[in-house]
Amino acid sequence: AQTVTQSQPEMSVQEAETVTLSCTYDTSESDYYLFWYKQPPSRQMILVIRQEAYKQQNATENRFSVNFQKAAKSFSLKISDSQLGDAAMYFCAYRSGTGNQFYFGTGTSLTVIP
Amino acid sequence: KAGVTQTPRYLIKTRGQQVTLSCSPISGHRSVSWYQQTPGQGLQFLFEYFSETQRNKGNFPGRFSGRQFSNSRSEMNVSTLELGDSALYLCASSLDPRTSGYQETQYFGPGTRLLVL
Numbered sequence: 111a112q113t114v115t116q117s118q119p120e121m122s123v124q125e126a127e128t129v130t131l132s133c134t135y136d137t138s139e140s141d142y143y144l145f146w147y148k149q150p151p152s153r154q155m156i157l158v159i160r161q162e163a164y165k166q167q168n169a170t171e172n173r174f175s176v177n178f179q180k181a182a183k184s185f186s187l188k189i190s191d192s193q194l195g196d197a198a199m200y201f202c203a204y205r206s207g208t209g210n211q212f213y214f215g216t217g218t219s220l221t222v223i224p
Numbered sequence: 136k137a138g139v140t141q142t143p144r145y146l147i148k149t150r151g152q153q154v155t156l157s158c159s160p161i162s163g164h165r166s167v168s169w170y171q172q173t174p175g176q177g178l179q180f181l182f183e184y185f186s187e188t189q190r191n192k193g194n195f196p197g198r199f200s201g202r203q204f205s206n207s208r209s210e211m212n213v214s215t216l217e218l219g220d221s222a223l224y225l226c227a228s229s230l231d232p233r234t235s236g237y238q239e240t241q242y243f244g245p246g247t248r249l250l251v252l
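Here the protein sequences line up with chains A and B, keeping their order. For reference, each letter of the first sequence is one residue, going 111 to 224 in the numbering used here. For reference, each letter of the second sequence is one residue, going 136 to 252 in the numbering used here.
Keep in mind that the hints were calculated from the coordinates and are not lab data. Misleading hints may appear alongside valid ones.
[As the list claims (entries may be wrong)] Computed footprint of chain A on chain B, listed as stretches where at least three residues anywhere in the stretch have a Cβ under 8 Å from a Cβ of chain A: (1) 166-176; (2) 180-187; (3) 237-248.
[What the hints assert, rightly or not] Among chain B residues calculated to face chain A with C-beta under 10 Å, some are: (4) Gly-138; (5) Val-139; (6) Arg-190; (7) Asn-191; (8) Gly-193; (9) Leu-225; (10) Ala-227; (11) Ser-229; (12) Asp-231; (13) Pro-232; (14) Arg-233.
[Said to hold, decoys possible] Simulated restraints, written as ranges between beta carbons of each label pair: (15) Thr-149(B) with Thr-130(A): 43 to 49 Å; (16) Arg-198(B) with Leu-157(A): 28 to 34 Å; (17) Ser-186(B) with Glu-127(A): 43 to 49 Å.
Where is the CB? At the ideal position from N, CA and C, for every residue including glycine.
Here chain A stands alone, though its shape is the one from the complex (with noise of 0.2 Å):
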């Protein structure tokens, strides 16, 4: 089965500045997609990123931003200039390019410094 694994149980971010999260993975599949979920306090989890195992080129969806390296089955998130309401869990999420399951690493709790 694939692993997802995120090694950064928590980490702190100064408002404004950029801050990393790290997320590694195991597979042996050559297609399949990657993702970001953000799940703040007691609120429903939502998307944040998607990248695509077969596009070279890495997602962005306006503050975020993703570094996908393949060979290092690796894929960080980068937010940049940080807010208040970015705080939040975050979860790097695994899918097949077969099936429906979703994998999910243990999670990063960013608390966002004022």
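Place chain B on chain A using the hints.
Here is chain B on its own, set in the frame of chain A:
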């Protein structure tokens, strides 16, 4: 379009009891997945239902079961509750990736927080 809804939002049960959680997916979504979320463990996949059939199953004991109805609503049941079953149970719905593509995300409900005493 209404989001994924889960009921109840909070539950307190005692060991040995059973519990049923409900999930209503986004209209048009026929795939429903269930996850158990605990601190330090992240999201652990329980099972996925599609068109009333269990399509995938995680590594949980048989005390955990589910079903899906013809309107895509899903229920999960936990029998003989144990203290370790205390968790946030999340439901997520999605379109069928076989037709919509595997880049499609899952949409999560707010969860049911279960406390077993």
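Status of the hints after comparison with the structure:
1. 166-176: holds (count 5)
2. 180-187: holds (count 3)
3. 237-248: holds (count 8)
4. Gly-138: Since the shortest Cβ distance to chain A is 7 Å, the answer is holds.
5. Val-139: Given a least distance of 8 Å, the restraint on Val-139(B) holds.
6. Arg-190: holds (7 Å)
7. Asn-191: holds (5 Å)
8. Gly-193: Interface hint status for Gly-193(B): holds (8 Å vs cutoff 10 Å).
9. Leu-225: Holds: closest Cβ of chain A sits about 7 Å from Leu-225(B), inside 10 Å.
10. Ala-227: holds (8 Å)
11. Ser-229: Cβ of Ser-229(B) sits 7 Å from chain A, so the hint holds.
12. Asp-231: Asp-231(B) check passes; min Cβ-Cβ to chain A is 8 Å, inside 10 Å.
13. Pro-232: With a minimum Cβ separation of about 6 Å from chain A (threshold 10 Å), the hint on Pro-232(B) holds.
14. Arg-233: holds (8 Å)
15. Thr-149(B) with Thr-130(A): 43 to 49 Å: holds (44 Å)
16. Arg-198(B) with Leu-157(A): 28 to 34 Å: holds (31 Å)
17. Ser-186(B) with Glu-127(A): 43 to 49 Å: holds (47 Å)
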